[in-house]
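Protein chains: 2
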Amino acid sequence: MQIEEIFEADKRLNKKKRTTPLLNSPFLDEIADRKIFIKAECLQHTGSFKFRGAYSAISSIPVERRKKGVIAYSSGNHAQGVAFAAKIHKIPATIIMPEDAPRIKIQNTKDLGAEVILYDRLSESREKIGQKISNERLLSLIPPYDHNDVIAGQGTVGLEIASQAKQIGIGHADVLVCCGGGGLTSGIAVALSNLMPNFVTRPVEPEGFDDVVRSLKIGERQINKKISGGLCDAIITPTPGELTFPLMKKYCGEGIVVTDEQVMKAIALAFTRLRIVVEPGGAVALAAALFHTNKCDNESVIAIVSGGNIDPGIFKKALDPA
Amino acid sequence: MQIEEIFEADKRLNKKKRTTPLLNSPFLDEIADRKIFIKAECLQHTGSFKFRGAYSAISSIPVERRKKGVIAYSSGNHAQGVAFAAKIHKIPATIIMPEDAPRIKIQNTKDLGAEVILYDRLSESREKIGQKISNERLLSLIPPYDHNDVIAGQGTVGLEIASQAKQIGIGHADVLVCCGGGGLTSGIAVALSNLMPNFVTRPVEPEGFDDVVRSLKIGERQINKKISGGLCDAIITPTPGELTFPLMKKYCGEGIVVTDEQVMKAIALAFTRLRIVVEPGGAVALAAALFHTNKCDNESVIAIVSGGNIDPGIFKKALDPA
Numbered sequence: 020m021q022i023e024e025i026f027e028a029d030k031r032l033n034k035k036k037r038t039t040p041l042l043n044s045p046f047l048d049e050i051a052d053r054k055i056f057i058k059a060e061c062l063q064h065t066g067s068f069k070f071r072g073a074y075s076a077i078s079s080i081p082v083e084r085r086k087k088g089v090i091a092y093s094s095g096n097h098a099q100g101v102a103f104a105a106k107i108h109k110i111p112a113t114i115i116m117p118e119d120a121p122r123i124k125i126q127n128t129k130d131l132g133a134e135v136i137l138y139d140r141l142s143e144s145r146e147k148i149g150q151k152i153s154n155e156r157l158l159s160l161i162p163p164y165d166h167n168d169v170i171a172g173q174g175t176v177g178l179e180i181a182s183q184a185k186q187i188g189i190g191h192a193d194v195l196v197c198c199g200g201g202g203l204t205s206g207i208a209v210a211l212s213n214l215m216p217n218f219v220t221r222p223v224e225p226e227g228f229d230d231v232v233r234s235l236k237i238g239e240r241q242i243n244k245k246i247s248g249g250l251c252d253a254i255i256t257p258t259p260g261e262l263t264f265p266l267m268k269k270y271c272g273e274g275i276v277v278t279d280e281q282v283m284k285a286i287a288l289a290f291t292r293l294r295i296v297v298e299p300g301g302a303v304a305l306a307a308a309l310f311h312t313n314k315c316d317n318e319s320v321i322a323i324v325s326g327g328n329i330d331p332g333i334f335k336k337a338l339d340p341a
Numbered sequence: 020m021q022i023e024e025i026f027e028a029d030k031r032l033n034k035k036k037r038t039t040p041l042l043n044s045p046f047l048d049e050i051a052d053r054k055i056f057i058k059a060e061c062l063q064h065t066g067s068f069k070f071r072g073a074y075s076a077i078s079s080i081p082v083e084r085r086k087k088g089v090i091a092y093s094s095g096n097h098a099q100g101v102a103f104a105a106k107i108h109k110i111p112a113t114i115i116m117p118e119d120a121p122r123i124k125i126q127n128t129k130d131l132g133a134e135v136i137l138y139d140r141l142s143e144s145r146e147k148i149g150q151k152i153s154n155e156r157l158l159s160l161i162p163p164y165d166h167n168d169v170i171a172g173q174g175t176v177g178l179e180i181a182s183q184a185k186q187i188g189i190g191h192a193d194v195l196v197c198c199g200g201g202g203l204t205s206g207i208a209v210a211l212s213n214l215m216p217n218f219v220t221r222p223v224e225p226e227g228f229d230d231v232v233r234s235l236k237i238g239e240r241q242i243n244k245k246i247s248g249g250l251c252d253a254i255i256t257p258t259p260g261e262l263t264f265p266l267m268k269k270y271c272g273e274g275i276v277v278t279d280e281q282v283m284k285a286i287a288l289a290f291t292r293l294r295i296v297v298e299p300g301g302a303v304a305l306a307a308a309l310f311h312t313n314k315c316d317n318e319s320v321i322a323i324v325s326g327g328n329i330d331p332g333i334f335k336k337a338l339d340p341a
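Chains A and B supply the protein sequences, listed in that same order. Each residue of the first sequence is one higher than the last, beginning at 20 in our numbering. Each residue of the second sequence is one higher than the last, beginning at 20 in our numbering.
Just so you know, these hints were derived from the structure itself, not from any lab. Be careful, since some hints might not be right.
Since the list gives no way to pick out one identical chain from another, each pair is judged satisfied if it fits inside one copy or across any two copies.
To be verified - Here are the simulated DSSO-like cross-link-like pairs (lysine-lysine), alpha carbons at most 30 Å apart as the crow flies:
(1) Lys-106 - Lys-54
(2) Lys-34 - Lys-106
(3) Lys-129 - Lys-54
(4) Lys-336 - Lys-147
(5) Lys-185 - Lys-245
(6) Lys-129 - Lys-236
(7) Lys-129 - Lys-335
(8) Lys-109 - Lys-335
(9) Lys-54 - Lys-109
(10) Lys-185 - Lys-35
(11) Lys-244 - Lys-87
(12) Lys-86 - Lys-54
(13) Lys-268 - Lys-336
(14) Lys-245 - Lys-268
(15) Lys-87 - Lys-109
(16) Lys-185 - Lys-109
(17) Lys-129 - Lys-87
(18) Lys-86 - Lys-245
(19) Lys-151 - Lys-185
(20) Lys-109 - Lys-269
(21) Lys-245 - Lys-336
(22) Lys-151 - Lys-106
(23) Lys-336 - Lys-129
(24) Lys-336 - Lys-87
(25) Lys-30 - Lys-151
(26) Lys-87 - Lys-314
(27) Lys-185 - Lys-30
(28) Lys-106 - Lys-236
(29) Lys-245 - Lys-109
(30) Lys-185 - Lys-34
Remember, predicted model here, so these are calculated numbers, not experimental data.
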């Protein structure tokens, strides 16, 4: 993966993606005792960064092949990103989703025009189901992270961060990224290691699902004991990606692990101080910026808020102590 | 008020204000049966457009006079805008707020370093209190809307809308603005009548507090029967401003009135579809865009979401049916 691939993805995404704002608040700076900036990808189309990778990958498929349609497996945000990117391309999308995915994500994916096929996370392999249907229908499979065009699309977040950081005069920073399979983290790390040599990209994961953080520490891909049941559904993956892990190993600093309680506090503070809606999996990096700055090297910290598709019940619970 | 004053305010606000994004969602378009775009001023510093006018006015005061400090009266958003703009200028701020203002707004204003003086909306005149203290302490009074530098600051929202609309190719549009005293509405109307001749700016108000809409219809300033107690606290004013009304009369189209129920629905839809936090007074224009498009002339509608400082209890209530 070279930065040129990210530049190419950025051209394809031109006028299709939103350039999301970099937000801040004196109240959050006070909690963190640093200058923290929040890259609000919850404001991206379909409510998460996943639209970037999905559009990048679909726009790379040769036209005749693309017309037959695409297929994806996802717990929800990649699903919506692929469904919407397919809709823009006017091609059919089939999405394989776990039965226990948040209802709002399943419903949104259907409402964006995709055909949704549900599976059981514990007893079935989404990869096998996806491969079978894609072979039968000649669909192009858009994997959630282990695909160069997907990683390059997510890497466009890094291009925007570099440009926005330069505008406000930040030359040194820790960049904290919500990490599932590592598509967003590795894409950003490739972009920033080229453009901002004094930035350190760090993956952030929830307690109990810290495969990437442990893998980086040990130097080899580790596997999570559990693969479902966590609060942060959007970023629960069994193990780092085959393509993404070597990139993270090469370009990332040490990772950070946060608790569910810290995630819920971060959601409430994003509501009060930033007026954005953040889902649990999208809040882990903000939680790290607020409550783990001792693990950061720089005075400035940039945290990616990666998604905002949250069930109202969980959101209300996050606001409860307020 | 000439557009040149808005251009001057824009220069003073350069690198101080946030350029807020123009958001959209296919789901909202479907409800409205139009293309609707949301100018998310809830993402402005301090959570509302008020920062623009406050900073514009404070930065216009001659330096020696400015050092003595500023004073403002406000139900909350102007208070926070003035407090933060004063903090940036490193000068003291005194804010006169109604006792029944949302607690979060009073607390935020204090936390931004301002001295807060509470008054009773029904028995006291905030204007008199403000005038007295500002005379005693030689403070510069920053009124919430009836001040050219304040109107010019709010008008910078109009400059951004013109630029963003051109980028996405919108040449004709209804622009719906949450309207209290008319500072934001008149500023935007002046900007757009100059820059976008095919845009119609329309004030939007909540039922029972529709002084501007009625005044425009009759051609003379009307007074609301009630001046407190509404859901949309941020935009409850007794009557249109002396400076703002002639501008709105000259440059605005007919206004729109929405119900509290429509406002609560708009807050819930902004949560689900845009992932932004909107307060009741900041949601009236979105409610009009969603539920009153029959009153709009154009296929494209741009709605300003003017603020996002909402008590968690009201926000949870808005999510209840979801």
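(request) List, from low to high, the hint numbers that the structure doesn't satisfy. (result) Numbers 4, 5, 6, 8, 11, 13, 18, 19, 20, 24, 25, 26, 28 and 29, in rising order.
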